[in-house]
Amino acid sequence: MSRGLVRGAVVAALVCGLAACGSGGGGQSDGKELTFWMYQDRTPQAGQVMEQVRKDFEKANPGVTVKLVKIPKDDYNTKLGSAVASKSAPDAGILDQPLVSKYALDGTIKEVPAGLITEADYYKGALDTNRANGKLYGLPQDQTTVALFYNRKLVPTPPKTWDELKQVAAQVHAADANVAGMNVPKGDGYGAWMFPGIVHGAGGEMVDDAGKKVLFDQPPAVEALQLWVDLQKSSPRKITDSDKPFENGLAAMTISGPWDVPTIKEQFPDLDFGVAPLPYKSEPAGNIGGEDSVVFSTSKNPDLAWKWLAFLANAQNNGAVADAFGGFPVHLKAQVPAGGPEQAAFLEQLKVAHARPAVPQWIQVNDEIIAPAIESALTGKATAQQALTDAASKTRSLLGWNG
Amino acid sequence: MAAPVLERVTTGPGRRARRRPGARRRDHLIGWLLIAPALAYFLIFLLYPALSALYYSFTDWNLRTEASWVGLANYADLLFDDVKYPHFWKSVSVTLQYTLIAVPLTLVAALAQALLLNAIRRGANLFRLLLFLPVVTAEAAVGAIWRWLYDPQYGLINTLLGLVGIPGQNWLNTPELVIPALAFIAAWQCGISMIIYLAGLKGIPGSIQEAAIIDGAGPWQRFWRVTFPMLRPTTFYLLVTGVIAALQVFGLVYVIFSGNGRSVTGGPEQSGLTYVLHLYLFAFRYDAMGAACAMSFILLVFIMIVTALQFRFVKQEAA
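Each protein sequence line maps, in turn, to chains A and B.
The end of the first sequence is residue 403 by my numbering, with every number in the run present.
The end of the second sequence is residue 722 by my numbering, with every number in the run present.
It is worth saying that the hints were derived from the structure and are not from the lab.
Some clues are possibly wrong.
[To be verified] Derived DSS-like pairs (lysine-lysine); straight-line CA-CA distance at most 25 Å: (1) A:Lys87 with A:Lys32; (2) B:Lys487 with A:Lys213; (3) A:Lys394 with B:Lys605; (4) A:Lys212 with B:Lys605; (5) A:Lys160 with A:Lys212; (6) B:Lys493 with A:Lys381; (7) A:Lys102 with A:Lys70; (8) A:Lys281 with A:Lys300; (9) A:Lys87 with A:Lys55; (10) A:Lys265 with A:Lys73; (11) A:Lys307 with A:Lys265; (12) B:Lys487 with A:Lys381; (13) A:Lys281 with A:Lys160; (14) A:Lys281 with A:Lys135; (15) A:Lys166 with A:Lys281; (16) A:Lys265 with A:Lys281; (17) A:Lys238 with A:Lys153; (18) B:Lys605 with B:Lys718; (19) B:Lys487 with A:Lys102; (20) B:Lys487 with A:Lys394; (21) A:Lys32 with A:Lys160.
[Said to hold, decoys possible] Some chain B residues close to chain A (C-beta under 7 Å, calculated; not the full set): (22) Thr462; (23) Leu466; (24) Trp472; (25) Asp484; (26) Pro489; (27) Leu552; (28) Gln556; (29) Pro570; (30) Asn573; (31) Asn576; (32) Asp618; (33) Thr668; (34) Tyr689.
Glycine included, each C-beta is placed from N, C-alpha and C at the ideal position.
This is chain B alone, in the form it adopts within the complex (with noise of 0.2 Å):
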């Protein structure tokens, strides 16, 4: 119902004809009007509970007490006060760890299945549901099946493992598994970044591989000479997007190591402890809510710096 009329205010050659004086103040009101609601969700929803949360970081707040200002305590403690906080400077590790090997795994993994689905011509909307399903799962539903696919004893990865002569692991109780087991999670959920590839090298024009094949070129060089380049503001901007969501991965951890009666202390010594994970505990868990702000505020400022070095350094044009 609503796509005509929009088309008829919006585009339909009669209404330049007939405007009347007043009528550009009339579509200003309009167009407040429509992004209202927008603006209101803005405002309330992400403008104010930043803001708060900016507050609250300079305050010692157990949600039920009235908030009392302590200045920069919170962040000196979290940086350097390890009775207070001693698994902080962990958290940041695990997170590290898991970002430097879930972005690559992620990438490598959606690009591979992009050119996969790319140049099969039958079935390809099939393989494309399947390779994105797992984006759409329930994260709940995702950490039950992984907790059976890496279970130590009926899990069916150590079956496989076990048909090329590998031993079984017990990965997700072995400290240093555990991260390589997540990341492994993470790269089989990258449908999103897989979609986008997809795109992309659907804009990359026939007539330069054609060219490329003219000049003698082979399948492996025109990967590397062709298509990886130009699609370098595709990995770009998925390697971007890909570390800022890896900094705050919460709900895969959450739910890999809670629920069942499981608490979540994030894993065996701490080894999925990741940041994000760390925050949520003192924030609902430890009554230290202006500690997590604080928190949250030193990964806002962390990913700044991570973003700006990569738009830095990333060579971010096609070529």
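Isolated chain A (complex conformation) (with noise of 0.2 Å):
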């Protein structure tokens, strides 16, 4: 009987270990199970937003499941890539903008089928995120932009300009030493993607992508690169590093996207603070960012998974899927949902909006070229002109452009 026992034992050990070894393919054995890669919930309100969808969809399409799959924003990329490369990519998922095109021509992802779309009911910017080659690859879901967070106690108008905004600072900082004018974004990944927004606002280009031509070692970026070394003199790092320094008060402005207001709101609701459009030199821009969707090639539902993401995008949806996702719908028609005060302030920062660079490299260039740059120029360690201008040279020889 104790061998027997001992055989039970290894044999069952052995199922158990082949089991957990085999069921990673997340088998869609029906055909009419469609999985969809999405980031985790910001609220648990955009949680319920995409339960009601799912449950619409379903209850439309008779016999169809929809399993949304969430992942945290920090591990999706990763996880997508991971899944690409062994070949168990979910039929359909969110897609950061500037990944799309890489991914697009990698043949990675697919085509939109003709006539899935009317393209002419989608903000182009949002839409042309989706492009490569001049052939759509996706639908976008929602865009969004930075705009200026403002302590109304400590700015009471905010700055429209940038020698307000350098006004209205150093006014903020001589009143209490103890408080920063505004918290600068730093020379990190994050800082170096808010920086093209400000290079428009004097009517810069970070680059000619189809000229091939890099641009952000001219005036206009040498400007605005030193509006940030100029804010530093009233906004000292020794306060803005700290955690929060806008939400606790210790920041009177700062750049930040819609994603924030609810989570400041929730977490500080004592902080009276409002949002206005980006202070700009020359003329009023932004950048824009946003999720896109797309269709992933190895999809064993394409058509199902395409009516799925034009289901989200709708006139009808798209209001409430783009609010969940954070940002603002990309379909013309679609309602946006009633938010507070800020939400104009976000609206019209949005029109002014750039695309980031279709350069394939480009989170690359972002992060190991502009982020050092950035930094340097704000410790003092070199001039903005110095730090673009090897910047740049450093770009031009990474992408091999000549310009």
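Assemble the dimeric complex from its two separately framed chains, guided by the hints.
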């Protein structure tokens, strides 16, 4: 009897071990299950919105089950890359805007079937983030931008121009040396992502991707970086490097996006803040971000997957879905869910927002070249011009561009 | 349930007597079956990925398309092309600095804690638990807590320094202070080394200490002439494993410098861009899996050399 027990235990162990190895594929046997990867819900309400949309879709398509797989944003691209490499990608999923062209050029995602959507129904800027080689590879789901958050107690009227911004920041810091005028972005990946919006505000461009020219060593970009350098005089890092300086009332202004509004209201109910479009030098401008959705080439149900993506992005659902994703609708007729008074500023900002350069290596340029250049100017190790001249020449070498 | 059964099979007195011809072969089979899960795990999850990584280190691969063979180009570019990999050598230097500070600091902290724990009788279990807690705490929580402790405005560390008149520092945002700050967290997490040191201390025969006392050795002399030399095998083991772990530090830096909208560019001026973080970024953020694989093998070779040197030049025997 004891030997039987041993054998049983060994077999059980083996079966468990093998089952653990074999269950990675997430098999869809009946062909009616659709797997959709997305970021983890930002708020409980966002989860409810997605649940409702999922139910509506399943009701409209009897026999179909949509499986929403929610992954923390920090891990998302890593997990997706691994899934694609191991040929176990989901049917469809969210994709950060700069990745769409990469995935498209690799043949990892499918082209949008003709007639799925009416292109004229969508904001052109958001739709264009889905293009590669002139073809459409995904549907936009939400678009977003950053704007100026200001503490009403410290800044009664938000500055509109760079000069006003510097002046207001200086006044705040002069009134109380423990308060920084502005939480100036840093020379990290996030700061480098926000930087182009400031450059556009001086009438400049980061690159001319069609003409293969690097332009961020030109005066508009240098002036933009100089603005951040100048702002630091009234905004010491020692203050702004603390945890949530704006929320804690230690920085009078900061740059952030709509995703921060509910978080601040929930966690810092006493903070009286407003949101205004970014101050500019010569023309109002900002940068654009957001999520697109794509169908992977390994999908077993591509038609159904496209139907689901179009359902998320249609006039009826996109307002709520985009809001759940933390941005604004991409469908022209979609209702923007009524937001707080901050909303107007973001919507105005979106009208003048520019998409980031359509350069496949842009994330690397952003992180490895522009971010350190910004940091060296902010810490005074180089002038703004020196830092950007150096960064531009490195970018030219990396991309193999002459201009 | 399993334990008594195993005991009867392996050591039960009756079995040997009842052994029949062919039983040996059956024992072999059972042995193989017993190690099969571990063997399968080793082959599928350790050996196969390692060999794949070696193959991919000679290719240009972005995870999505077919890998194309490039021979030694990844290795050559990593070492010599500072346009493609501007921060490779920076990440090497960051990691070496971290190792040089974190490993000794961890060993000293672990030994000090072990000596204290060994000396007390009452409440030893409680302190052992408390000192071990940092090891079992989730890395993300550790990162969050230490970001707060190091905070330039609200941080407890600056507050404590202020009490003794040392001006507060912007620990995680001053390039020169980032590595010492990270090493300090590593030393705070020295629980495992502490437990191993404690075991080593328990293994020193009391008679030797007594003899030293009779010979008139003071506490200081007893530590340097008796305890420390007797702990040499333990110290050697912790040194070798500690250096290997420090050269691969990743999780701590990742949670300290990412999350909350911060992006993982490795802290101010890449001062916290450790080798494995750099590797991770190329693997999963910049789409250069081939280069990332090459980086991992450069690290493997480096670790083997460092370990061999330690075996050659560091005293290992108890004296």
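The hints, checked one at a time:
no., hint, verdict
1, A:Lys87 with A:Lys32, "holds (19 Å)"
2, B:Lys487 with A:Lys213, "holds (19 Å)"
3, A:Lys394 with B:Lys605, "violated (58 Å)"
4, A:Lys212 with B:Lys605, "violated (69 Å)"
5, A:Lys160 with A:Lys212, "violated (33 Å)"
6, B:Lys493 with A:Lys381, "holds (17 Å)"
7, A:Lys102 with A:Lys70, "holds (23 Å)"
8, A:Lys281 with A:Lys300, "violated (51 Å)"
9, A:Lys87 with A:Lys55, "violated (28 Å)"
10, A:Lys265 with A:Lys73, "holds (22 Å)"
11, A:Lys307 with A:Lys265, "violated (36 Å)"
12, B:Lys487 with A:Lys381, "holds (23 Å)"
13, A:Lys281 with A:Lys160, "holds (9 Å)"
14, A:Lys281 with A:Lys135, "violated (35 Å)"
15, A:Lys166 with A:Lys281, "holds (12 Å)"
16, A:Lys265 with A:Lys281, "violated (30 Å)"
17, A:Lys238 with A:Lys153, "holds (22 Å)"
18, B:Lys605 with B:Lys718, "holds (21 Å)"
19, B:Lys487 with A:Lys102, "holds (18 Å)"
20, B:Lys487 with A:Lys394, "holds (9 Å)"
21, A:Lys32 with A:Lys160, "violated (53 Å)"
22, Thr462, "violated (13 Å)"
23, Leu466, "holds (4 Å)"
24, Trp472, "violated (17 Å)"
25, Asp484, "violated (10 Å)"
26, Pro489, "holds (6 Å)"
27, Leu552, "violated (11 Å)"
28, Gln556, "holds (3 Å)"
29, Pro570, "violated (10 Å)"
30, Asn573, "holds (5 Å)"
31, Asn576, "holds (4 Å)"
32, Asp618, "violated (56 Å)"
33, Thr668, "holds (5 Å)"
34, Tyr689, "holds (4 Å)"
Violated hints, in rising order: 3, 4, 5, 8, 9, 11, 14, 16, 21, 22, 24, 25, 27, 29 and 32; the structure is consistent with all others.
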